[in-house]
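Residue numbers (the working numbering), protein chains in the order written: chain A, 1 to 337; chain B, 1001 to 1261; chain C, 2001 to 2350.
Incorrect hints may appear among the rest.
[Claimed, not checked] Now the in silico label distances, taken between C-beta atoms and shown as ranges:
(1) A:V35 / C:G2233: 43 to 49 Å
(2) C:L2124 / A:A230: 46 to 52 Å
(3) C:G2112 / A:K135: 54 to 60 Å
(4) B:R1025 / C:V2034: 34 to 40 Å
(5) C:I2274 / A:G108: 32 to 38 Å
(6) A:L310 / C:T2120: 28 to 34 Å
(7) C:I2274 / A:A230: 32 to 38 Å
(8) C:I2264 / A:N48: 42 to 48 Å
(9) C:L2124 / B:S1164: 25 to 31 Å
[Stated by the list, open to error] Restricting the straight-line Cα-Cα distance to at most 30 Å, the calculated cross-link-like pairs of lysine-lysine (BS3-like) are:
(10) B:K1065 / A:K219
(11) A:K135 / B:K1065
(12) B:K1110 / A:K219
(13) B:K1245 / B:K1065
(14) A:K257 / A:K179
(15) A:K257 / A:K168
(16) C:K2327 / A:K135
(17) B:K1134 / B:K1091
(18) A:K135 / B:K1092
(19) B:K1246 / B:K1065
(20) C:K2026 / A:K135
(21) A:K135 / B:K1110
(22) A:K257 / C:K2327
(23) A:K219 / B:K1245
(24) A:K179 / A:K57
(25) A:K219 / B:K1134
(26) B:K1091 / A:K135
(27) B:K1092 / A:K219
[Said to hold, decoys possible] Covered, in the sense of this in silico footprint (three residues per stretch, anywhere, with C-beta under 8 Å from a C-beta of chain C), are these stretches of chain A:
(28) 124-138
(29) 142-150
(30) 305-319
Just so you know, the hints here were simulated from the structure itself, not pulled from any lab data. Positions of the beta carbon are idealized from the N, C-alpha and C atoms, including for glycine.
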Amino acid sequence: MTETAKPDIQARYRQISLVDRIRTHPAGPVAVVFVVMLVLCTLYALANPTSFYFLTKGNTSLVLRAIPNFGIVALGVGLLMIAGEFDLSVGSVYVAAPFGMAFAYANGVPLAWAILFAYSIAICVGLVNAFLTLKFNIPSFIVTLGMLFIVRTSAPYLAGHTRSLVIKLPPDFKAALTKNLWGFMPAQFLWFIGLAIVAYLILNRHFLGNHFYAAGGDKRAARFAGINVAWTKTIAFVLCAMFATTSGILQVARSSKAETNPQLFIELFAVAVCVMGGLSLFGGRGAVIGIVLGAAVLQLIQDVIILARLPGFYLDMFVGIAIVLGVVMNAAVQKRY
Amino acid sequence: MNDSQLSVDASARASTAEIPIFEARRISKSYGHVEALIDTNFEVRRGEVVGLLGDNGAGKSTLIKILSGVVQPDSGEFFREGRSVDISTRKKSEEDGGIQTIYQDIALVKSMSIMRNIFAGREPTNALGFMRVKEMRSTAMEILDEYVRIAGITSPNILVEELSGGQAQAVAIARAVHFKRDILLLDEPTSALSVRETEKVLNIMRELADAGVSCVFVTHNLYHAFRVCDRFSILAHGQNVRDCKKSETSLNELTDIIMTH
Amino acid sequence: MSETGANFLPGRYKHEHDDTVLQRLKRYPAINIVVIYGLFLVGLAIWTIASRGEFAFFTSLNLSVLAQQIPITAIVAVGVGLLMVSGEFDISVAATFTFAAFIAATLLHEMGWPLAVAFTAGILCGTIIGAINAWITCWLGIPSFIATIGMMFFGRGLVRWISINPATNLPDSAKFFPNEGFKAALTGQLAGPVFAQLIWLIAVAYAGHLILNRHRLGNHMFSAGGNAEAARGVGVRVRRVKLLAFMICGATAAFSGILQATRISEIEPSYVVISGLELKAIAAVVVGGVALAGGRGTILGMVLGAALIDTVDNVLVLASAPEILFKGFLGAIIILAVIVNSVLGRRQES
Chain A
1 MTETAKPDIQ
11 ARYRQISLVD
21 RIRTHPAGPV
31 AVVFVVMLVL
41 CTLYALANPT
51 SFYFLTKGNT
61 SLVLRAIPNF
71 GIVALGVGLL
81 MIAGEFDLSV
91 GSVYVAAPFG
101 MAFAYANGVP
111 LAWAILFAYS
121 IAICVGLVNA
131 FLTLKFNIPS
141 FIVTLGMLFI
151 VRTSAPYLAG
161 HTRSLVIKLP
171 PDFKAALTKN
181 LWGFMPAQFL
191 WFIGLAIVAY
201 LILNRHFLGN
211 HFYAAGGDKR
221 AARFAGINVA
231 WTKTIAFVLC
241 AMFATTSGIL
251 QVARSSKAET
261 NPQLFIELFA
271 VAVCVMGGLS
281 LFGGRGAVIG
291 IVLGAAVLQL
301 IQDVIILARL
311 PGFYLDMFVG
321 IAIVLGVVMN
331 AAVQKRY
Chain B
1001 MNDSQLSVDA
1011 SARASTAEIP
1021 IFEARRISKS
1031 YGHVEALIDT
1041 NFEVRRGEVV
1051 GLLGDNGAGK
1061 STLIKILSGV
1071 VQPDSGEFFR
1081 EGRSVDISTR
1091 KKSEEDGGIQ
1101 TIYQDIALVK
1111 SMSIMRNIFA
1121 GREPTNALGF
1131 MRVKEMRSTA
1141 MEILDEYVRI
1151 AGITSPNILV
1161 EELSGGQAQA
1171 VAIARAVHFK
1181 RDILLLDEPT
1191 SALSVRETEK
1201 VLNIMRELAD
1211 AGVSCVFVTH
1221 NLYHAFRVCD
1231 RFSILAHGQN
1241 VRDCKKSETS
1251 LNELTDIIMT
1261 H
Chain C
2001 MSETGANFLP
2011 GRYKHEHDDT
2021 VLQRLKRYPA
2031 INIVVIYGLF
2041 LVGLAIWTIA
2051 SRGEFAFFTS
2061 LNLSVLAQQI
2071 PITAIVAVGV
2081 GLLMVSGEFD
2091 ISVAATFTFA
2101 AFIAATLLHE
2111 MGWPLAVAFT
2121 AGILCGTIIG
2131 AINAWITCWL
2141 GIPSFIATIG
2151 MMFFGRGLVR
2161 WISINPATNL
2171 PDSAKFFPNE
2181 GFKAALTGQL
2191 AGPVFAQLIW
2201 LIAVAYAGHL
2211 ILNRHRLGNH
2221 MFSAGGNAEA
2231 ARGVGVRVRR
2241 VKLLAFMICG
2251 ATAAFSGILQ
2261 ATRISEIEPS
2271 YVVISGLELK
2281 AIAAVVVGGV
2291 ALAGGRGTIL
2301 GMVLGAALID
2311 TVDNVLVLAS
2321 APEILFKGFL
2331 GAIIILAVIV
2341 NSVLGRRQES
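The following block holds chain A by itself, in its conformation from the complex (with noise of 0.2 Å):
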């Protein structure tokens, strides 16, 4: 029986068939929902090219600027929700890590130093959100809803009471940034797709993406695999504070301006795209196309809502459904098996 020649042992063993695939993919219901709502706002617009503009060009850029903004963030939240936690704290890390860098930056700071403070504020945060939610053992949720608001109050107190920070960048690294390239595409769009597949060879090439999956899905089989599972946490935490702050930048430069705002929601939002996309809440399921579809249906239908002049309240409502819907749907998905 060893001495089966290998390609008899490729031979048996295949692939899953694509069809089983697409089944069994946690992102497979977001993506129908996506699928089926291009289609029909294509139809509608081709339909209607005078009253709802969803295929011009101005707002596919418009979309395409947005989705990044929430995107991004939710990247991060996700990897970290695969692993088994929650960060809240992310909503504030978006607001206070690029300020951190606009205030050095304005105060003669070159701006690579600036950066590295912004991504050092990130770092110490979630070390922080790791550190007490792992050594206390507390639920994620609640120590980073508090981190929430400890980081969100704590940057403009420390820098002043300052409400917003106008900042003048080099125009090379707004170009690099968010330059808006054929009309349609901007650069921050390209910087989410990267920053997916960065996310995605983390999570399916890099052995910290196996003990990410292994932490959050069982974190006791995961201990006795030898996987260590604090450290696992620890780095999913520090992450997904970096990816937050990568999108604050990237506001800043599109804005040239940081907020300390503290009404986005950003982080009640990036929860809303992980859970639409398929991400378990209670961790060890999930893949990085959901994050990227989920924050696409989310924009979309912010769009449509917009295009078709209707109510704003409509929003508020359908992220509401829609993480309830999503969670729902993610049980229903998994229980089939």
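We have chain A; now place chains B and C onto it with these hints.
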């Protein structure tokens, strides 16, 4: 394959081995006033299946925890092939003691694929930490093919939760064997399985023992133990009450010993 | 006292009555918050004396502001606390609070319904929102903090929908002018810094105490929150218990919202976002010693927790600290309280 023929071979080999590959001597452990183990001895020889038997509260689970490095004994010594070893942590138990413990419900991460599970914590990576996915895939298939050969596993990419209890158990065993442990410590591996799956897991244990990997089979089920074990070590109230070869005893005698203590 | 106790109950229960007052106090579950709040007030008194009256905390004006504010938070905290004892969260209370007040105001002034009906409808609204939360959490099996985040968004949408001013097409605040009798009954000044809210708070707290400690439901809440499996094993209908807890939580939030609207004769749509009420309630409850995972907590702890939170807010305002500092403080106090609770809880178990 002829089962009875093989087990004769195995017991012949076991009897010729002078030094046990693993030995625990005079282990004591108490929790407060409760003495869980009192001067307990336990040994494993190469290529045998040892049944660790006893009623609830006999000290079985304490002994398992000590052997797998989760709990420290108050006193006692451990020897691997005659040399003293320290098994005070999970890692030391696995690497220095050569013991791989397979707990029934936490052996594998259910939401991960077989391949990811097999390499969890031991991923082959390049210098940057990226996994060699192709190598993992082919190794996973070899592992599945070599040790398990359980029908129904068609791809190493299947999630463990889609496997039956017996299949999952078999994958956990295959993983342990592949990573070169001398001794598999199986804690109640059959208690949640169907009759047919139990049969398969028992066969796997037998085959592994014949291939030179010793198994410690911890169970409540004396029928299962009697079917597969070469030797029995029975605990009661934290002490050794009987240690005997299969040829020296019978199912009825084992039942009596456990019932009367 | 211990002697007579020993004479009365010799034997088995002797030790219970032999404990000193101090030992018994130490065992009292809300003792931490009582001590913390007491020390805090003592600190404020010292501050007042040290500043020779510059620090205007113990003035009748300030105390009456506090006495009007604390019951609003505390009533919500009692509902959230009962729910947390049952093992669930509610992050949608600010939405419930605002929406219920809007419903009452809209029905009263725009629809011309009688006050009693409008008031009842407002409370009912909160109860229904609670029931929906319970359904999503217990019947669809979604963790309550996620389910109620969903409800928070949905509630925000509802508030924006009901508060849209047709003239400007933007959310607008609503006036709430119930008749004088109603206003006096809900928020009238009784004597000095004592307002009717305080009586309502005492009523709600006492009702909560009766539910938690004198009623079967309370026992079921503790068991559902402490160990749902075990509770189910002994025949507690966990889902129904949690449904009731969610409904109580929704009703208290709605009642508190109407109290607030009555007090200031107006309700703002932005309150749902800026008040941070859900955060204040959770902070109050965990500071009051309610275990985050459920199964442990006292009404006195919840009320004093809310009092502490509002007092700190008040002190920050008096010290003219930037308003944003308060939320940072809330975040810190939640983490700190949860750590302390979990450490204390672990010590009690071992």
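Measuring from beta carbon to beta carbon, are C:I2274 and A:A230 in 32 to 38 Å?
This hint holds: roughly 37 Å between Cβ atoms.
Hey, B:K1246 versus B:K1065, does the alpha-carbon distance stay inside 30 Å?
holds, 26 Å
At least three residues with a C-beta closer than 8 Å to a C-beta of chain C: is that true for the segment 305-319 of chain A?
With 9 residues closer than 8 Å to chain C, the segment 305-319 of chain A meets the three-residue bar; holds.
Given a hint of 42 to 48 Å, does the C-beta separation of C:I2264 and A:N48 actually sit inside it?
Since C:I2264 and A:N48 have Cβ atoms about 47 Å apart, the given range 42 to 48 Å holds.
Hinted pair A:K135 and B:K1110, Cα distance within 30 Å:
Since the Cα atoms of A:K135 and B:K1110 sit roughly 26 Å apart, the hinted pair holds (cutoff 30 Å).
Holds or violated: are the alpha carbons of A:K257 and A:K179 at most 30 Å from each other?
holds, 16 Å
Please work out if A:K257 and C:K2327 have their alpha carbons no farther apart than 30 Å.
Given that 30 Å is the threshold and the Cα spacing comes to 24 Å, the pair holds.
Between the beta carbons of C:L2124 and A:A230, is the distance compatible with 46 to 52 Å?
holds, 47 Å
Sort out whether B:K1065 lies within 30 Å of B:K1245, counting only the CA atoms.
holds, 25 Å
Regarding the pair B:K1110 and A:K219, is the alpha-carbon distance no greater than 30 Å?
Roughly 11 Å between the alpha carbons, so the hint for B:K1110 and A:K219 holds.
Honestly, do C:L2124 and B:S1164 meet the 25 to 31 Å range at C-beta?
For B:S1164 against C:L2124, whose Cβ atoms are near 51 Å apart, the range 25 to 31 Å is violated.
Confirm or reject the coverage of the segment 142-150 of chain A by chain C under the rule of 3 or more residues with a beta carbon closer than 8 Å to the chain's beta carbons.
holds (count 8)
The structure fails hints 4, 9 and 23 (numbered hints given earlier, in ascending order).
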